[in-house]
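Top to bottom, those sequences are chains A and B.
1 is the number of the first residue of the first sequence in this note's numbering; add one for each residue after it.
1 is the number of the first residue of the second sequence in this note's numbering; add one for each residue after it.
Hints should not be assumed to be uniformly reliable.
[Said to hold, decoys possible] BS3-like, lysine-lysine: derived pairs with alpha carbons at most 30 Å apart:
#  : chain 1 : residue 1 : chain 2 : residue 2
1  : A       : Lys298    : A       : Lys409
2  : A       : Lys232    : A       : Lys220
3  : A       : Lys492    : A       : Lys409
4  : A       : Lys414    : A       : Lys264
5  : A       : Lys184    : A       : Lys298
6  : A       : Lys34     : A       : Lys220
7  : A       : Lys29     : B       : Lys2
8  : A       : Lys29     : A       : Lys414
9  : A       : Lys34     : B       : Lys2
10 : B       : Lys53     : A       : Lys263
11 : A       : Lys409    : B       : Lys2
12 : A       : Lys184    : A       : Lys232
13 : A       : Lys264    : A       : Lys34
14 : B       : Lys6      : B       : Lys53
15 : B       : Lys53     : A       : Lys184
16 : A       : Lys298    : A       : Lys414
17 : A       : Lys264    : A       : Lys409
18 : B       : Lys53     : A       : Lys34
19 : A       : Lys488    : A       : Lys414
20 : A       : Lys492    : B       : Lys2
21 : A       : Lys232    : B       : Lys6
22 : B       : Lys2      : B       : Lys53
23 : A       : Lys298    : A       : Lys29
24 : B       : Lys53     : A       : Lys29
25 : B       : Lys2      : A       : Lys184
26 : A       : Lys232    : A       : Lys298
Honestly, the hints are just simulated from the structure, not real lab data.
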Amino acid sequence: MSQPTPAPTLVERLDALYEYDREPVAPNKLHGGKTFIAMFAGEHVAGTEFVLGPLLVIHGVSATDALGGLLLGNVLAVLSWALMCAPIAVRERLTVYWQIRKIAGPYLTVFYSAAFAVTLCLLAGAMVNVSTTAIAHPFGIESPNYAAGEYFPSAPWIAVAVVIGSVIAMLAVLGFDRIAHFSKICAPWMPLIFLAGAFGALPILGVSDLASFWEAAQTKIWTGVPATGESKYGFWSCVGLAWLCNVSQHMGMGDVTIFRFAKKWQYGFASAFGMFIGHYFAWIASGILCAAFIVTQKAAGVDQPNVNPGNIAWLGAGWAGLVCVVLAGWTTANPTLYRAGLAFQTATPNWSRWRVTLIAGAVMIFTACIPAVNFFLDRIVAYYGLFFMPLGAFIFIDYWVFPRIGLQKYFAEKRRLTASWPAAVGWFGSFGIGFVLFAKDNYAAFGGVNAWLPKWLADYRADFFMQVLPAWILAVVLYTVCSFVQQKFTAKSAA
Amino acid sequence: MKTFLKSVSYLGLALSIVPSLLVFAGRLSMETNLNLMAVGMVLWFATAVFWIKRDQGL
């Protein structure tokens, strides 16, 4: 009588899911620079650019903060891709899943995948929300104005979101090859709509030539004065937001999965096409559209204008603008949801892909119906980046520094550890400490923390978006010190 | 045929951006600009789909 086959463990299921990319990429599968330029230019003009640009206006950045801060932040992002992510990707040619597994062990990798899936659902929901504001517009359905205290959308608005979300979920179930092709078709057109919308809206702000732009930029667009009740963002907030926005992909090493197909590490600089089109010009353009919308609404006697992607795109680009918002949201929500479904599937072994993706879609639709998600999108994006970034920091240090200071790289893999405690301490420790140092001055529940801290730390005022640097340093220090203890202790007990 | 399709696509892209520059210069009304942008959008999507190739995938 044959023995029943034992059910595979969670770790085995996860490994099986990623089995096809366990081996390094073969030389005949490598791509040239043009592939990466096209990919970055296409992927980083998303529906959420219509949200983040206006948020900088609402949070009162000045013109210098916006133009200079975003410039510096995007340069730092490109350098992070080119100098941190791409070089390791072309040397190891493995996905981020296998890179993390080598340093953190399978259990932490499972946790990473699950947390990443939930976060992807949130982001996909934000993109559905963006698309819904555009489709609701021609039907005369008003999108919720969170700033005016409308915390829940109307029933018709929810109905539109459910329809859009369902279509996206069904397309994700079918796979996203055709959507990827359609995204490629949208790529040259969408940035032009942002640009055209901004140029068309400038006369509303009294700008008739380039010479008058700077004055309007300072007095009507990025005035330096936040909207009533909103916190003030400055130069370093702009730097930090632009840098943090995709930090899980560059410093967090998520894009080693992409750059493992690159012939040369220098292709990391192709990220400039995504950053400067999507996170510089598109944010500036949507900021201009936001300011023009506020001016027209206030002129019409509206006290609290409802700034949302649908409204601002309609003002500057009409039907083309609405279609652009829908497509920008849809083409990015779809692969995001597909990836979330893939990650969720590991925890549900007997469920088919379509069922898992539909459940992820339900979470996405629920998220899309929460107006707060887009109102606080900058913070959600920042938390997401700060949470996942430490693992990329470990990959970087493990690869470049450990062999030089007498520590073994990929220790967890070599010793077959199920979870690396130095990685756990570095990951949760750096995120937790970074969060508390920000929360102590910004959230009432953490107000008492200052009393327990030494004066120099109590006096420290963390800029939320600029925590990326201290968080990276903290993660690296904790991970290195703990790895030193772990490896020396293990060596001693072996002797 | 492909050359013709490409030409129409590029005309669509031009109609998406050039009219807004004319609005900025005060030489075109916003309403005309929005209509031309819509026409440009239709031209682009109706033709680009036939000549932009699928990715080989990363």
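For each hint, the structure was consulted:
1. A/Lys298 <-> A/Lys409: 60 Å, violated
2. A/Lys232 <-> A/Lys220: Answer holds: A/Lys232 to A/Lys220 is near 16 Å, not above 30 Å.
3. A/Lys492 <-> A/Lys409: 18 Å, holds
4. A/Lys414 <-> A/Lys264: Satisfied, since the Cα-Cα distance of roughly 28 Å is no more than 30 Å.
5. A/Lys184 <-> A/Lys298: 38 Å, violated
6. A/Lys34 <-> A/Lys220: At roughly 39 Å apart (the allowed maximum being 30 Å), A/Lys220 and A/Lys34 break the hint.
7. A/Lys29 <-> B/Lys2: Judged against 30 Å, a Cα distance of about 29 Å means the pair holds.
8. A/Lys29 <-> A/Lys414: Roughly 28 Å separates the two Cα atoms, so the pair holds.
9. A/Lys34 <-> B/Lys2: Since the Cα atoms of A/Lys34 and B/Lys2 sit roughly 22 Å apart, the hinted pair holds (cutoff 30 Å).
10. B/Lys53 <-> A/Lys263: Holds: B/Lys53 and A/Lys263 sit about 22 Å apart, inside 30 Å.
11. A/Lys409 <-> B/Lys2: Not satisfied, since the Cα-Cα distance of roughly 53 Å exceeds 30 Å.
12. A/Lys184 <-> A/Lys232: Cα-Cα ~37 Å, so violated.
13. A/Lys264 <-> A/Lys34: This hinted pair holds, its Cα atoms lying about 12 Å apart.
14. B/Lys6 <-> B/Lys53: 13 Å, holds
15. B/Lys53 <-> A/Lys184: 9 Å, holds
16. A/Lys298 <-> A/Lys414: 64 Å, violated
17. A/Lys264 <-> A/Lys409: Measuring from Cα to Cα gives roughly 23 Å; hence the hint holds.
18. B/Lys53 <-> A/Lys34: Holds, at about 14 Å.
19. A/Lys488 <-> A/Lys414: Holds, at roughly 15 Å.
20. A/Lys492 <-> B/Lys2: 71 Å, violated
21. A/Lys232 <-> B/Lys6: 47 Å, violated
22. B/Lys2 <-> B/Lys53: 12 Å, holds
23. A/Lys298 <-> A/Lys29: 56 Å, violated
24. B/Lys53 <-> A/Lys29: 18 Å, holds
25. B/Lys2 <-> A/Lys184: Status holds; Cα separation ~18 Å.
26. A/Lys232 <-> A/Lys298: The hint holds at about 22 Å.
Hints 1, 5, 6, 11, 12, 16, 20, 21 and 23 from the earlier list are contradicted by this structure; the remaining hints agree with it.
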